[in-house]
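Using the sequences and the accompanying hints, generate a full structural model.
Below are the chains, spelled out letter by letter.
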Amino acid sequence: MTIFDFYIFDRNGTCLCYAEWNRKKQSGISKDEEYKLMYGMLFSIKSFVNRISPTDIKDGFLNFKTSKYMLHFYETPSGLKLIMNTDLGAGSMRDVLHQIYSTIYVEYVVKNPLCELDKPILSELFKSKLDEFIRSLPVFASKVS
Amino acid sequence: MSRQTARAGDPRKVNGELFTLTYGALVAQLLRDYEDDEEVNKQLEKMGYNIGVRLIEDFLARSNTSRCNDFRETSDIISRLGFKMYLGITPVISNWSPAGDEFSLLIENNPLSDFVELPEGHTALNYSNILCGVLKGALEMVQMDVDVWFVQDQLKGDNITEIRLKFIKRLDDAVPAGED
Amino acid sequence: MADEILFELLHMEIVGHLQRSSQKDEQDQCIAKLESIGFRIGQSLAERFTRDCSRFKDELDTMKFVCKDFWNTVYKKQIDNLRTNHQGVYVLQDNRFRFLTHISSGKQYMEAAPKYLALPCGMIRGALANLGVNCVVTAEVSTMPACKFQIQIQRG
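Residue numbers (UniProt numbering), protein chains in the order written: chain A, 1 to 145; chain B, 1 to 180; chain C, 1 to 156.
Don't take every hint at face value.
Cross-link-like lysine-lysine pairs, in silico, DSBU-like; alpha carbons within 35 Å at most [unchecked claim]: (1) A:K119 to C:K24; (2) B:K166 to B:K156; (3) A:K58 to A:K129; (4) C:K107 to B:K46; (5) A:K119 to B:K156; (6) B:K169 to A:K36; (7) B:K84 to C:K115; (8) C:K107 to A:K129; (9) C:K107 to A:K31.
Keep in mind that the hints were calculated from the coordinates and are not lab data.
Right, dumping it as structure tokens:
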């Protein structure tokens, strides 16, 4: 099992944070374009999922799976979007994403007066806490096959 | 030994006072820096707004609440969870407008104005105006554009402190470029 | 009750407000205002603390009060180390100063540190003034979130 990469978008579609660990292949486009595509896809898939739903749903879009990887999505009521790509063995990452939000984003971005909430996160403390947390997860430990 | 404990008093109580005293020192400074009460009200609201947009994230992280279905649910969460969590009080919700888009929070013991007396000649000052800004900022982050203002204030001799909230509109996520 | 964060956010916003409303060349004035707001808070806080209790034995006893009870109330921890040269200079070291722990663990944002230490310096000065000790308080940071507060007693 492993974790490939991680994104945070604010509700304006700005990519606040991107980090990668075991990503073997890049998309071949600039990071800015990749962020735009990612946000656009999430926006569309969210509204599609809600529109097509046969009953009222609470959480909406949670994740999707390909034969090689899984994309996990968590959105706070304030519109912050956390996205993580893992391999197929990882299981649900919802709690993990919520934990990143509540113990790392809130602690080291929201409570840091020098971080503007609608700008990419420059804090090294935040980045190192995030990295430390991801590397400590059981799903991170196993080698990429 | 015993003196140590006697000296510290009730730590919990002093903790609450720390915030109240800090707020009091801020208002005193603003009254010195700005001549006009209206301007002080405006600055307090603006500061509250900046606090609100951050405080809401702390609130969501702690309470793990999801988006509200309607304004009534919002009013309930503000009073029972928000005020309770941060100020230790539960304002009474009342005076709903017929359309359900306006309500009041009634506060009997406003912790912000503990040991406060309004200085003379500041009749237009809304001492606790920061609360309006906090509510506005916090609600804006959960997609609600809301007007918030003081109707009554015990500091001014009213029987109760009343804050009114009016729902204006729902704010949507930014649509990505090139989408409809 | 989660009131600690209210104090933190309020302090953050007081700094932000004073900075926004002062010109670039008035940074000293901004620091001075923060210090004087802190002074007032420290004064009233010390008053509430010591309302019904006996006087302190001596200067060192007063300092210990600042390091323990006062620090605990404001920052939820005690000072990690207290030193004195016995000639009126006290150095209070906090290895994890609460206003800095969210900002950095190292040198990043170092230039911003003084703004977030001015009000705390004022609070120490205010509290001590209320307890009958006149002093000058300065703060020094070499690696965040650690911070040293130097208290210089003014006699005479």
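For each hint, the structure was consulted:
1. Our distance criterion of 35 Å between C-alpha atoms is met by K119 (chain A) and K24 (chain C), whose separation comes to about 23 Å.
2. For the hint pairing K166 (chain B) with K156 (chain B), the CA-to-CA distance comes to about 23 Å; that is within 35 Å, so the pair holds.
3. Distance check on the hinted pair: K58 (chain A) and K129 (chain A) sit about 31 Å apart at the alpha-carbon level, within 35 Å; holds.
4. A C-alpha spacing of about 31 Å is found between K107 (chain C) and K46 (chain B), which places the hinted pair at or below 35 Å, so the restraint holds.
5. Between K119 (chain A) and K156 (chain B), the direct Cα distance comes to roughly 41 Å. Violation of the 35 Å bound is thereby established for this hinted pair.
6. Only pairs whose Cα atoms come within 35 Å are accepted, and K169 (chain B) paired with K36 (chain A) is accepted, the gap being roughly 27 Å.
7. Proximity of K84 (chain B) to K115 (chain C) is assessed by CA-CA distance (about 31 Å); at most 35 Å being required, the pair is judged to hold.
8. A C-alpha spacing of about 16 Å is found between K107 (chain C) and K129 (chain A), which places the hinted pair at or below 35 Å, so the restraint holds.
9. Straight-line distance between C-alpha atoms of K107 (chain C) and K31 (chain A) comes to about 28 Å, which keeps the hinted pair within the 35 Å bound.
Comparing the model with each numbered hint stated earlier shows that hint 5 is the single one that does not hold.
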